[in-house]
Amino acid sequence: MPATTEDRRRAVITGIGVVAPTGLGVAEHWKTTLAGQCRIAPFTRYPDTSPIRLAGQVEDFDPAELISNKFLVQTDRWTWFALAAADYALADSGLDPATLDPFEVSVVTASASGGNEFGQREIEALWARHPSAVSAYQSIAWFYAASTGQISIRHGLKGSCGVLVADSAGGLDVLAQARRNIERGGVAVVAGGTEAPLTPYALVCQNDLGRFSRASEPAAGYRPFDSAAAGYVPGEGGAVLVVEELAAARARSASVYAEVLGHAATHDAYHHYDPAPDGRQLARAMSEAIGRSGLTPEDIDVVFADAAGVADADAAEVRALHTVFGDRAADVLVTAPKSMVGRLYSGGPPLDVAWACLALTHGVVPPTVHLDPASAGHGLNFVVEPVRPARLRTALVVARGVGGFNSALVLAAPGPAEGPSPVHTEER
Amino acid sequence: MTGNGARRPRRVVVTGIGAVAPGGNTREDFWARIVSGKPATRRVTFFDASEYRSQVAAEADFDPVAAGLTPQEIRRNDRYGQFALVAGSEAVSDAGLDTGTWDGDRAGVLLGSAVGATMRLEDEYVVLSDHGRRWEVDGRYAMPFMYSVFVPSAVATEVAIRFGAHGPSAVVSTGCTSGIDAIGLAAQQIEEGTVDVMLCGGSESPISPISYACFDAIRATSPRNDDPEGASRPFDADRQGFVMGEGCAVLVLEELEHARRRGARVYCEVTGYSSHANAYHMTGLHPDGVEMSRAIDEAMAQARLNPEDIGYINAHGSGTKQNDRHETGAFKRSLNGAAYRIPISSIKSMIGHSLGAIGALEMAACALVIDRDAIPPTANLTTRDPECDLDYTPLTAREAHVDHVLSVGSGFGGFQSAMVFSRLKEL
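For the protein sequence lines, the chains are U and C, in the order given. Its first residue numbered 0, the first sequence is counted upward by one per residue in numbering that gives the first Met the number 0. Its first residue numbered 0, the second sequence is counted upward by one per residue in numbering that gives the first Met the number 0.
No lab work stands behind these hints: they were computed from the structure. Certain hints may be false.
Pairwise CB distance ranges (calculated) [what the hints assert, rightly or not]:
1. U:Lys30 x C:Ile73: 49 to 59 angstroms
2. C:Gly67 x U:Ala127: 38 to 48 angstroms
3. U:Gly290 x C:Pro8: 14 to 24 angstroms
4. U:Pro388 x C:Asp97: 46 to 56 angstroms
5. C:Asp97 x U:Asp298: 33 to 43 angstroms
Output of the computed footprint for chain C on chain U, the stretches with three or more beta carbons under 8 angstroms from beta carbons of chain C [as the list claims (entries may be wrong)]:
6. 134-142
7. 145-154
8. 164-176
From the three backbone atoms N, C-alpha and C, an ideal C-beta is built for every residue, glycine too.
Generate coordinates for the entire structure from the input sequences, incorporating the hints supplied.
In structure tokens form, the structure reads like this:
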């Protein structure tokens, strides 16, 4: 299990599971995406007290239909999303974990905030009633490890399982952890993140950042990189991916969406809430991820931006992109399809990875909605409707977390260099 | 630490240790406590626990002002974050690192925490919900920095800012193995070459009503309220569950040549780490310990050790019947006859079980065992459990020159982890 480049075991993504405002399952998600449908909608659950008017909500999600009662009663909504997304991802990959050595298959998930609804309900039970009113499942539903543990149990996966918390950026770091598990001998990893932060107490905590959009019109709520950018809209859901060792994927003739190439994470270490204005560490994460992929910035065809939706943070990301791409910054495609769903915290980056995989597979870059590229004058080539570029072989996915976490990951279409690995072709 | 016969290109060593623990808020106090055999457990003083089944705790007597934190640091950080800043500073100072001149781009932070800012989340909830009366809480009563309370990643951010660490940073939250896993993942990153220094470990301050209520509900914590000092009794026939603790340990992990170039003192080398899930039950354990045994086997293979090479085992030793039997089974499965000869102990008998921090405190203890030639005992082990028939080092510390220590952790979610620390040896 050496980490030398010569004999490095390669990791590829063979399954996508989406539970997000764009839909349930990869087909619905991609259809919504290509139609450029914004799924940010009025948030009406707590109209009198909520600090938000808009949210990206997962509609038509029937947990009782998707998740067996045994798992349902002991888990929070965030874990329901994760369990459902893992099921979708495994089904999409065609991988049956029961056919593998369970010690070689692991689960790695990210969570920014854990089981919010379950947690609030049980703290309420304690304080409004009595300590003995607290559920026997509180200890395993609220904590950040719940989704990984439950997915591991549901599918019998005994590999090196993990849970990362780095605000939103953790949702991208899990792909690096998945690749590490593959490099160190694992055969498959169920990796991703979901979030369910739209509950009263959780929303008060998020509101503390002062970055929520105050808009009530969905088209005005979350406009990253636009001159009208004035905050973000929170959302729920996310995505789970199946990451497999390349040779094992080939051996079972699996369809490959993309190879997981280089990753880098950095930290601004600048301010507990605000990103460093110079974007230096963000740029370093991007450059190092590209370098560790054995590529140069010229090789990157599309960037899936973090897209904070707040002017200063957007400006820092723009600065970082100019630093990394130099003269090419005006040419490289930049997109933020999350403008359709809002910011899903740790669910966001895995959804971006899903989008990047689908883009590489179908040759189509998903759009950023509600962005007038001319308005902000960032000097970048933003994608505002689905485009089919002449070359679409590599994608750089960027994620940031509150406090200064930066994470960047390069994905590449499975190429001829690695032989006849079939690509997902049909509209899935 | 790469396994299966590969030559190690980059070795990882421990060069600094900082600790905040029940019974002592420094590394030296912590060490003195765990070799004393005297439990730091007592009746809960942080809140009125009279209506709870378990009313005992291992509380740290920690004063953030006396520990040198500024008023704004205290405001921003829940107790576990305060611990991390203090233990982090002690570790960096112990390592002799000058963070003013180091290459911060090559230094990261990886800290374990199982439950994050539970204390402040609960305290603030009580106000915002008016004692649980309002599901739709009143945000106008919110104190500032609630986002830092909301996301445990804030603790990594605070430590990264304090030391100017610009490398990869995150919180690892694999329940009660968070601390050991954070150190293991940090070592892997140094070994892979993306960083030279990692500040890693774990921090937790879970002594609050909601934590007690949820562990009461599954009868995991000890109700031995009339004998608080005897409440944490791993491997003892009369054990009744674990005693909640709190604390933090931060280790400075460093690439060996990096440490050598600056003439750093080396406590030990990280020679093996592995983790597996049992995929069985969120809180239940098979008595056979197969998954923990697998993690032990892999960690020892990475370190290229045979069972008889291990001089000390730091047990998970939580003091629940199922844990103590589970890991005893795992030790026998992995170490065969040697399992009966190797001294084993649980420092949880003295400092309680601090969830996501304890794995880091235990690795700090292991590094000190190698450095100090002594093995801490298992306190309160007075009556043998026939099913736990190994040498658990009852009651009193032993002198011993130990070259290799094995530590294990086991946590809710089914996580089973093992790590080996070794006395530094030239290859």
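Hint-by-hint comparison with the structure:
Between Lys30 of chain U and Ile73 of chain C the C-beta distance comes to about 51 angstroms, which sits within the given range of 49 to 59 angstroms. The hinted window of 38 to 48 angstroms between Gly67 of chain C and Ala127 of chain U holds, with their beta carbons roughly 39 angstroms apart. Between Gly290 of chain U and Pro8 of chain C the beta carbons are some 19 angstroms apart, a value that agrees with the proposed interval 14 to 24 angstroms. Judged by the Cβ atoms, the range 46 to 56 angstroms given for Pro388 of chain U and Asp97 of chain C holds: they are separated by roughly 49 angstroms.
Against the hinted window of 33 to 43 angstroms, the Cβ-Cβ separation of Asp97 of chain C and Asp298 of chain U comes to about 38 angstroms, which satisfies the hint. Interface restraint, the region 134-142 of chain U with chain C: holds (7 residues with C-beta to C-beta distance below 8 angstroms; minimum three). Look at the region 145-154 of chain U against chain C: 7 of its residues bring a Cβ nearer than 8 angstroms to a Cβ of that chain, three or more, so the hint holds. For a cut-off of 8 angstroms, the count of residues in the region 164-176 of chain U with a CB near a CB of chain C stands at 7, and the three-residue condition holds.
Of the hints listed earlier, there is not a single one the structure fails to meet.
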